[in-house]
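**Q** Knowing the structure of chain A, use the given hints to seat chain B on it.
2 protein chains.
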Amino acid sequence: MEIELLRDLATPNSAKILLCVVDGLGGLPDAETRRSEMEAASLPNLDRMASDSVCGLTVPVGYGVSPGSGPGHLALFGYDPLKYEVGRGVLESLGIDFDLRDTDVAARGNFCTLDADGLITDRRAGRIPTEETTQLVERLREIKLPGVELILEPVREHRWVLVLRGEGLEDGLTQTDPEREGVVPPPVRALRPEAERTAGLVNDFIEQAQKKLFEQPTANGVLLRGFAKHPDFPPMPEFTRMRTGAFAVYPMYRGLAKLVGMTAAPGGGNPKSKVDEVRAAWDDFDFFFYHFKPADAAGEDGNYKAKVAALEQFDALVPELRSLGADVMMVAGDHSTPAQMAAHSWHPVPFMINSTLGERDRVNEFTETACLAGALGTFPAKEVLSLAMAHANKLMKFGA
Amino acid sequence: MEIELLRDLATPNSAKILLCVVDGLGGLPDAETRRSEMEAASLPNLDRMASDSVCGLTVPVGYGVSPGSGPGHLALFGYDPLKYEVGRGVLESLGIDFDLRDTDVAARGNFCTLDADGLITDRRAGRIPTEETTQLVERLREIKLPGVELILEPVREHRWVLVLRGEGLEDGLTQTDPEREGVVPPPVRALRPEAERTAGLVNDFIEQAQKKLFEQPTANGVLLRGFAKHPDFPPMPEFTRMRTGAFAVYPMYRGLAKLVGMTAAPGGGNPKSKVDEVRAAWDDFDFFFYHFKPADAAGEDGNYKAKVAALEQFDALVPELRSLGADVMMVAGDHSTPAQMAAHSWHPVPFMINSTLGERDRVNEFTETACLAGALGTFPAKEVLSLAMAHANKLMKFGA
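Residue numbers (the working numbering), protein chains in the order written: chain A, 43 to 442; chain B, 43 to 442.
Bound-form chain A, shown alone:
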């Protein structure tokens, strides 16, 4: 349901909801064995849980849409990802655990290679190592702009984040990355009159940066895109009336959780230590977001076997997660990451919800094809939160 309706119906109680997100959960059949990663993996604990749960498949964003981590998670947190968009600059900042302020404008930066005529010859400057980017970013920090503070942070390889901090800054700027080579990067243009000053400041920065990088062999230019301010989303605790806590090893997911108003436990650690942290914080929250990354990482690497192993690694944690005693426990994915594609995909993602209020279905394995027969059918991921709250008896009747 829409957030507005959820806000009307939400009513607090002491029930606990645990959302386990296995990043990149779904997959595709292997060409030879015709079995998907989930089918090939030995997942006794998930299978047992499935036989005891209501199953189905979630459509992360829409038919044919392969989502990034942002929209994939926002949907599971109850936000329509087509309505609640997060700019790339903000996502990159979340990914390095940078604390954006509401008035900041953030952008994703790339070092690139330009030829003598200023044409782009490599948009990624040969993917220079992170160490080199760190040194170059250090030099760009010397740049001064009138009336604003300039913050630069290296990310990985040729990538970094640019943040402009000050009053009256606006997003709504075109990107300088033409997304192809052989052309001169265009200057930033304001898409709204209010953003004119910010556009001017960014172009000033680019000009100074180009001068500082002039003698570099490969990384002698900069490309900027995804200018964005911290979005102003309705906070989950407000419209769900739940205390919400996030438990994730990586900064991107902690950042996404903070974006929707969750309290994020410190990063780092590993999937097992995060379970312990959930247990230790059991009295502090009503809704727990537990994030498990290795399945997506293996899928993105195109490594079928590693993905199978990652799924088995998660399966081994399931008894401990169940022993927490949540009233409603879900296993979901933000999107599929088939090893065959080595990328996020649009395919619907297996899902299950365990509680005392679930209808019975005949699914007793946790795989893509088995979940097709689940009582939840194939449904939009943005409905997961509503379903969870309903199963936890946290929603009042609609209408008299």
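A couple of the hints might just be wrong.
Remember, identical chains collapse to one label, so a pair may be satisfied in a single copy or spanning two.
Claimed, not checked - Once the Cα atoms are required to be at most 25 Å apart in a straight line, the calculated BS3-like pairs of lysine-lysine come out as:
| no. | residue 1 | residue 2 |
| --- | --- | --- |
| 1 | Lys-335 | Lys-439 |
| 2 | Lys-439 | Lys-300 |
| 3 | Lys-300 | Lys-271 |
| 4 | Lys-439 | Lys-271 |
| 5 | Lys-186 | Lys-335 |
| 6 | Lys-439 | Lys-253 |
| 7 | Lys-58 | Lys-254 |
| 8 | Lys-254 | Lys-125 |
| 9 | Lys-58 | Lys-439 |
| 10 | Lys-253 | Lys-125 |
I should point out that these hints are in silico values taken from the structure, not numbers from a laboratory. Predicted model, so just to flag it, every value in this text is computed and none were measured.
**A** Just chain B, lined up with the frame of chain A:
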């Protein structure tokens, strides 16, 4: 997904997509044998393809909506048929291969029978033969209207098309067909002030036509409806970044394809010769729309056996269609045409998509009931294009 998002995500590559539309594909069980036309037909090639594809059922427009050819096809081309409407006047013009200009206003005309008091006694003038309509249309062509060119074309039986050509013409007119007998046909009224002049011209035409037909025994009146201009839809090649080609025997389907910006191969020929034309044009397009009419024609005739035979005729073409080597090949229907109903129906239509990126399902027959177990579930036909482009790797990731 919406066309706006598709435009943002579309990225060209060399993959080929083949959409085979079996017009009126789905059916209903026969009262005695309890088997639908698809179940009764021997479809070995489609069954084999199903076992190798992802299956499902498409809802052409919405629950309970039996679509005409226009909305049925527009949905498969990615257009929400409730948002992108084509007036009947335009559809009739497409059906006779008439080249409408952007400023033309077209309407569907019927000859009807009026009694001495001007009341309608037969809305179809006894379905006079096409030859008679052709002669009567010839007489109506003598009518002159100030400042506009008048174009009349016979269609079939009592039906014809009226086109007003000139500057400043507007649609948004009420129909003169009251859709019942025993009443006087009302004059045309403008629904918008800009259409007042056009309404006046049409009423002038009707008055002159009535005089010219006065002495006819049956066809002594005219009824007009579906006043419409050529709609201005976003063209498929623009928002999909694909070169799109249409291969259809009948003008209506070539016309619908042209309406969305496809290049339409010449009409005529037969289902087999159209396959040859697709093969000959293989290098010219990225997206091929192949139209197969006989299943719908047999269904509309209420001829169960003929529909079974038409499906078998299509099945025999499947090996050749598959041998074209499309990266993504689909078999779809624009709607069901159950022989039992002798009409288009709202029933969801079997659908399959064949590619290397499809998830596995357990469907190994191509029938209405078998497709219910498909991994695609039952989904809106307007999502077919997004799915096809995703399976062809022609869509970028949404969000970071």
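**Q** Determine for every hint whether it applies to the structure shown.
**A** Hints, verified against the model:
1. Lys-335 <-> Lys-439: between (37 Å within a copy, 19 Å between copies)
2. Lys-439 <-> Lys-300: between (30 Å within a copy, 23 Å between copies)
3. Lys-300 <-> Lys-271: within (15 Å within a copy, 43 Å between copies)
4. Lys-439 <-> Lys-271: Between copies only: 21 Å across, 37 Å inside.
5. Lys-186 <-> Lys-335: Neither: 39 Å inside a chain and 69 Å across chains, both beyond 25 Å.
6. Lys-439 <-> Lys-253: neither (64 Å within a copy, 34 Å between copies)
7. Lys-58 <-> Lys-254: neither (54 Å within a copy, 46 Å between copies)
8. Lys-254 <-> Lys-125: neither (40 Å within a copy, 53 Å between copies)
9. Lys-58 <-> Lys-439: within (20 Å within a copy, 34 Å between copies)
10. Lys-253 <-> Lys-125: neither (40 Å within a copy, 52 Å between copies)
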